[in-house]
Amino acid sequence: MIVLNGEDADVPAGETVATVLARLDLSPDARGVAVAVDGEVVPRAQWGSFALVERARVEVLTAMQGG
Amino acid sequence: MIVLNGEDADVPAGETVATVLARLDLSPDARGVAVAVDGEVVPRAQWGSFALVERARVEVLTAMQGG
Amino acid sequence: MIVLNGEDADVPAGETVATVLARLDLSPDARGVAVAVDGEVVPRAQWGSFALVERARVEVLTAMQGG
Amino acid sequence: MIVLNGEDADVPAGETVATVLARLDLSPDARGVAVAVDGEVVPRAQWGSFALVERARVEVLTAMQGG
Amino acid sequence: MAVARETGEELTIAGRTLRSRLLLGTGGFPSLAVMAEAIAASGSELVTVALRRVDPQARGSLIDVLAEAGVELLPNTAGCFTARDAVLTARLAREAFQTDWIKLEVIGDEATLMPDAPELLRAAEELVADGFVVLPYTTDDPVLARRLADLGCAAVMPLGSPIGSGMGIRNPYNLALIREAVAVPVVLDAGVGTASDVALAMELGCDAVMAASAISRAQDPVRMARAMRAAVEAGRLAAGAGRIPRRTYATASTPEEGLADFGVD
Amino acid sequence: MAVARETGEELTIAGRTLRSRLLLGTGGFPSLAVMAEAIAASGSELVTVALRRVDPQARGSLIDVLAEAGVELLPNTAGCFTARDAVLTARLAREAFQTDWIKLEVIGDEATLMPDAPELLRAAEELVADGFVVLPYTTDDPVLARRLADLGCAAVMPLGSPIGSGMGIRNPYNLALIREAVAVPVVLDAGVGTASDVALAMELGCDAVMAASAISRAQDPVRMARAMRAAVEAGRLAAGAGRIPRRTYATASTPEEGLADFGVD
Amino acid sequence: MAVARETGEELTIAGRTLRSRLLLGTGGFPSLAVMAEAIAASGSELVTVALRRVDPQARGSLIDVLAEAGVELLPNTAGCFTARDAVLTARLAREAFQTDWIKLEVIGDEATLMPDAPELLRAAEELVADGFVVLPYTTDDPVLARRLADLGCAAVMPLGSPIGSGMGIRNPYNLALIREAVAVPVVLDAGVGTASDVALAMELGCDAVMAASAISRAQDPVRMARAMRAAVEAGRLAAGAGRIPRRTYATASTPEEGLADFGVD
Amino acid sequence: MAVARETGEELTIAGRTLRSRLLLGTGGFPSLAVMAEAIAASGSELVTVALRRVDPQARGSLIDVLAEAGVELLPNTAGCFTARDAVLTARLAREAFQTDWIKLEVIGDEATLMPDAPELLRAAEELVADGFVVLPYTTDDPVLARRLADLGCAAVMPLGSPIGSGMGIRNPYNLALIREAVAVPVVLDAGVGTASDVALAMELGCDAVMAASAISRAQDPVRMARAMRAAVEAGRLAAGAGRIPRRTYATASTPEEGLADFGVD
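Residue numbers (my numbering), protein chains in the order written: chain A, 1 to 67; chain B, 1 to 67; chain C, 1 to 67; chain D, 1 to 67; chain E, 1 to 265; chain F, 1 to 265; chain G, 1 to 265; chain H, 1 to 265.
These are computed hints drawn from the structure, not numbers from a lab.
Please note that the accuracy of each hint is not assured.
What the hints assert, rightly or not - Simulated restraints, written as ranges between beta carbons of each label pair:
#1 G:263 <-> H:68: 35 to 41 Å
#2 E:246 <-> A:38: 52 to 58 Å
#3 D:28 <-> E:251: 34 to 40 Å
#4 H:129 <-> F:68: 54 to 60 Å
#5 D:28 <-> H:152: 48 to 54 Å
#6 D:28 <-> G:263: 57 to 63 Å
#7 E:219 <-> F:261: 31 to 37 Å
Because the structure is a prediction, the values reported are computed rather than measured.
Yeah, the Cβ is synthetic: ideal placement off N, Cα and C, and Gly gets one too.
One chain only, chain A, in its complex shape:
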C-alpha cells in the first residue's frame, strides 16, 4: 500500500517507481514527468530500480498550464 498523488493505492511495498508509472500508463521515457518519493526527487535513471517502502508517498507530476 502506498499513497500515490494523495490517494491510497494498492501497490505492495518493494515495487519500483517504474511499475507505478506503468499503472498510470506512463512509460519510462515519458516526456515532462518527474517523480518525488517521500519528499525527495527520484531521478529518471533510478525509476527502474527505486523500490517503494510501505506507505511511501509518491508524487508523479507533469506539466500543467500555469503562471
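We have chain A; now place chains B, C, D, E, F, G and H onto it with these hints.
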C-alpha cells in the same frame, strides 16, 4: 381651469394667486414660498391682485432639501 | 505707405496685392501662401486686381511648422 | 590608550568607564546616557567597576533629535 | 502648487464673512433631525436648499429647522438645463427666501450632471446684472472659471468629480490652475467622498469646500460632518504652513553625524 | 477599503494608552523651542529620539525639553544597517532612557533608506525575545508586516514613501492590505508630506501616523503640527463614518421630484 | 470603461479614410530632415501646420517636404485668442492650402494654452456653416465636446493635459465620458509625453491621438515616432480585446488543483 | 526616471538571448489551440509552465503544443508556501523538463499571493548553489530585489500588483528604484491588465514583461497578445528615445513668432 404644479386644477379664470395658495393651505405670509405664473415670477406683493387667466400654468414652490 | 506684416512698407496706395507679393519674391502662383488685407481674406484670384488703400494692413502668410 | 567615540583618547588601560565619563563632564547619574565597550552594553550599575582594556572601543551615547 | 492667498482665517464672499469654510448641502439626509445635528457638528454657516413644488401632504419644516440652526440659506438651481430656467429659479428663490445669493447650476448632461459652459455663462451674466450674488457650479476648466469671475460672479465653485460620485478630485492640477486664475474665492463643489479629499482641496488653494452627499449619505452623517470640519481645518492649516517639497529619494530625518561605530562582529 | 477596527477613540500599544494618534519625530526642527511648541500644538504623546555620540561642546537639553513637554520617548535605531547594530542600539537606548520601547529601523539602502527585510526580521525576533516592545519600521509589504506581527512586534510601522520624501502614500492598496493582515496597530511611518496624506492614512485603516520632516521642516512647523493633529482627527472620524461608495457617474444630491416646469420660451 | 466602437482598423473623419491613427504636429523638430524621417517612422498621414508671416530671409521648403512625405495637411489656428481671428485664419488656410480641414484652436489662457469654450463654440459654428471640416481642440469637458459635435464638428480633440506639458492624461474619466458623449471620432490632443500615454488614450476609447512636442522635442524624435506608432497600435488592439477586470485581490494564474503534497519536513 | 540600460534590442538572461521581451504564462487560456495562437501572436520565446499531479483522465498535450510552438519552457513553483517546497519543485521541474531555469515563487499570503521575503531568499540561495538559473517573483521592494540579485539570481521579477488583479503598476516609483538597484534584468511580473501597463513598465526601465491572465483571460486572447507585443515594443522604444520632461504649464508647440495681427474688429 388652470394647471397647478403640473396638474389640472379646477380653478376658474379670474381668481387670484392668493386664492390658489389658500387651497394649498398657504397663507399670504407663508415663509419660503414663491410663485411663477406662465414662466414669470409673481412677487408676493401681487399675490392678492394677480388674476389668473384660463389655462394659466401656476408653479407654487418651496424649499426642499437639496444640493 | 502700407503696413506689411506688421511693419511700415513704402508701397503707394493703389498698388495691387500682386505687386506687394512680388516685393517678397512671391509669384502669383506661390504655393502655400494666403493674404489678408484689413482683416479680410483676399482670394488668390483677386491678387492681381485688389488695390491697396493708404495705410492698408496687409498680412502675407505661409505655412510654418506648428501644432 | 582607548578609542573614545571614534577618536584616540589618552586613557590608560585599567581605568573605569566612570572615569572616562567624568572626562566628558558626565556624572554617573547623567540622564539619557548609555555606554558600549567593544560592541557590548555596559550597564550603568557597572560604570564604576568596568575596567577598560588597552585599545578598548568606547562609545558614549546620548539622545539626539531624530526620526 | 498654490498656497492659500488670504492669511486671515475668515472667508469673505461678497462682503459676508464666514467663520466656517465648509458649505453643506441639505439633500440626502435620513431625517431633518439628523440633518440638524450634522449641520451643528459641521460648524457650517451656509447651506444649500432647492426649490420644488409644494407638496400638500408632507409640508416640511425644513425652513424652520434651518432657521433654528442659525445658518444662512444658499438656494440652488439644481435641475435646470437652460439659462432661462436657472434665471427664473433664481428669481423665485429670491422671492421665497429673501436672499440675493444663488448657487447657480445649469446642467448639461443627465449622466454626469456636469455644467453646460455657454448656458452657465449666459445665466451668470443675466443674474449678475440683476443684482444677484452668483456662485456658479462650474467644471474644472480654469478659463471658464476666469470668465465667470470676470463676469462678476462672487465666487467660483468648480467640481472635483461628478456630483455624488465620491470620486474626490480627479484633476488636482486644474484646481490649482483655477486658484491662480481667479481672484474671487474658490469653493470646491461636488465629488468629495471623504475627509482626505477635503484636506487636499484646501491644500490646493481652495478657500472653502461644499459637501453634500459625502456627509448626508454617509453611514454616520454626524460623524462625517465632524470629520469634514476637521479636514477643512487641517487642509487650511497645511496650505499655509509651507509643506516640504516632494523628492524621489529619501532625506534622513535623523542625522548620521555622531553615529556610533560598534565594529564588525 | 478597510475601516478602522477599534471603535474607541484611544489607541493602545502594548498596554500603553495614547489619546493622540500622532507620533512625532524630533529631528529637523530649526530649534528646540520650535520643537517644543510644535509638540504641544500636535498633541502628540510619543516622540522619537535617536542615540548619537555625546558631543562635549553642544551638550543639548533635548531630554529636559521633552520631559517638560510631558511626552514619552520612543528611541529609534536610525542609521543601523545590520540586525546586530540595531539590537545593540536598542539595548543602549534601554539603558539611556529606561524604556523597553524601540522603534526598530534596519536600513537596507542609502538612497531610499528603505528597510532590509531579513535583517529587520532577525532584529525584531531578538528584541522581542529580550523583552522589548518592538515597533518596526517596515516596507508596505503585507506579508512582511504579518511576519513581524507574528514574531510579537507590538505594532507595525509601514512606510508610505521614502523617509523625508514627502511623497505621501505611494501605494494605498498595500496599506489597506496590511491593515487586514495584522491585528496589532498599524502606524504609518515615513513619507507624509501634508495633511491630506495623514487623513488618507487614517481612512485606509491606520491606527496612527508618525510625522517627522513633514512637520519639522515645514516653513511653519507649529502650524503644520496643528494641521497634522486635525488631519489625524479628520481621517479617524471619516474612517469610522462609513463613506459613500465611489461611482463613475453622478448621483443627484437634489432630487428631481417636484421640479418645476416653466414651459418652453 | 469604454471600448473602441468601430471594429474596423481604419479611421474615417468626414469621409476621409486614414490607415494611421496617429496625427503629427510639425513644430519643434530640430530640422526638416528629422521631421521628414519622423513622419515616415510614425506612419502618420495627417500632419498639422500653422500659418505665419512670410519670412523673406528664411523661406522654408516645409510645404515641399510635406508634399514629398505624401501626407495631408491639417492647418491649425494656433495663437488665436478670439473666434474672429480663428475664423479668419481658417479662411486664409483654406486659401493657402486648398483644404477645408481645420484644426480649430481658440486659446483662452497664455499660461496653460487651454481653449476658451464660448469663443470656440462661436468659431466652430461659423466655420461649420462656411463648409469647413472642423476638428476643434477642446477641454476634457464632455458637455462641451457634445456641443461641438452637435454643431457639426467632424471630430473632437480633447486635451489630456496642457500643450507641450508631457503630463499625459490628467483625467482619464473625462476622456471616457467624452467617448460616450459623442458619435464623431475622438482624437486626443495635447499633453502626451510618452508611449504609455498614447496606449492609454486608445484604451479609453479614443479613435486617434495627436502627438507634437512628445515626438519632435524628444531626444531621438525618429525613435519616439516609432514608439508612438507602436503605442497607437497596442492601445487600439487592447481596447478591442476585452481586458480583464481590475480586482483588489489576486486571482491565481496557476490553478491549485493537482498541487503536490511533499509532506512536512 | 530611469532609461533602459542596454542599447541593443535583444535581451540576455543568464547567457540566453531572447529577441522577444515578452514572457507568457500559459494558465487561463480557454483552450490549447487559443494558447498556441496567442503565443504565436505574442512573439514570446519563453513561457511558464507549472508542475501538477498527473491526471490519468485528461493527459494533456501541453508539452507537445509548446514544443511545436518553438518556445522555451520556464517552469514555475506556483503554489509553494515554503522554501523547501519550492526547492523540491524546482528540482522536479529540472527532472521533468531538462532545464535549469526556474521561475521561483514562494507565496506568503493566500489572498494576495504576494511573495514571502525570507523564504524566497532562502530558496533562491539554495537553488543558485544547486546550479539553477533563478528568476524570482518578488515584491516591488528595491532592497529585496538587490539582495536577490546579490545572491546570484539571473533576473528579478517584481510584481506590479497582485497576480491576476489587472491593477497594473501600483507603485511606479519602486519599479524605477529596482531598475537602479540591480544590474541583472528586471522583468515585470504580475498585475498587468492592458497594453498601457506594459508600455509603462518598459518606460520605467524594465527589460521585459511577463503577462499571463491579462492575455489568457482577455475576451480575445490572441488580439490581446498582439497588443502586448506592440506595447513592449512601444515602451522599449520610448524608454530609449529620451522623453520630454513633465511641466505644470504649457509649452507652445506652434511658435508665436510671425503670428498675424488682424487688428480689432
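Range agreement (Cβ of residue 251 (chain E) with Cβ of residue 28 (chain D), hint 34 to 40 Å): Since the Cβ atoms of residue 28 (chain D) and residue 251 (chain E) sit about 38 Å apart, the hinted range of 34 to 40 Å holds.
The hint says 31 to 37 Å between residue 219 (chain E) and residue 261 (chain F); measuring C-beta to C-beta, is that right? holds (36 Å)
Lying within 54 to 60 Å: is that true of the beta-carbon distance residue 129 (chain H) to residue 68 (chain F)? Hint holds: Cβ distance 57 Å, inside 54 to 60 Å.
Outcome of range test on Cβ distance (residue 263 (chain G), residue 68 (chain H); 35 to 41 Å): holds (36 Å)
Verify the CB-CB distance for residue 28 (chain D) and residue 152 (chain H) against the hinted window 48 to 54 Å. holds (52 Å)
Please test the hint of 57 to 63 Å on the beta carbon pair from residue 28 (chain D) and residue 263 (chain G). holds (59 Å)
Okay, residue 246 (chain E) versus residue 38 (chain A) on CB: inside 52 to 58 Å? With Cβ atoms ~56 Å apart, the hint holds.
Of the hints listed earlier, there is not a single one the structure fails to meet.
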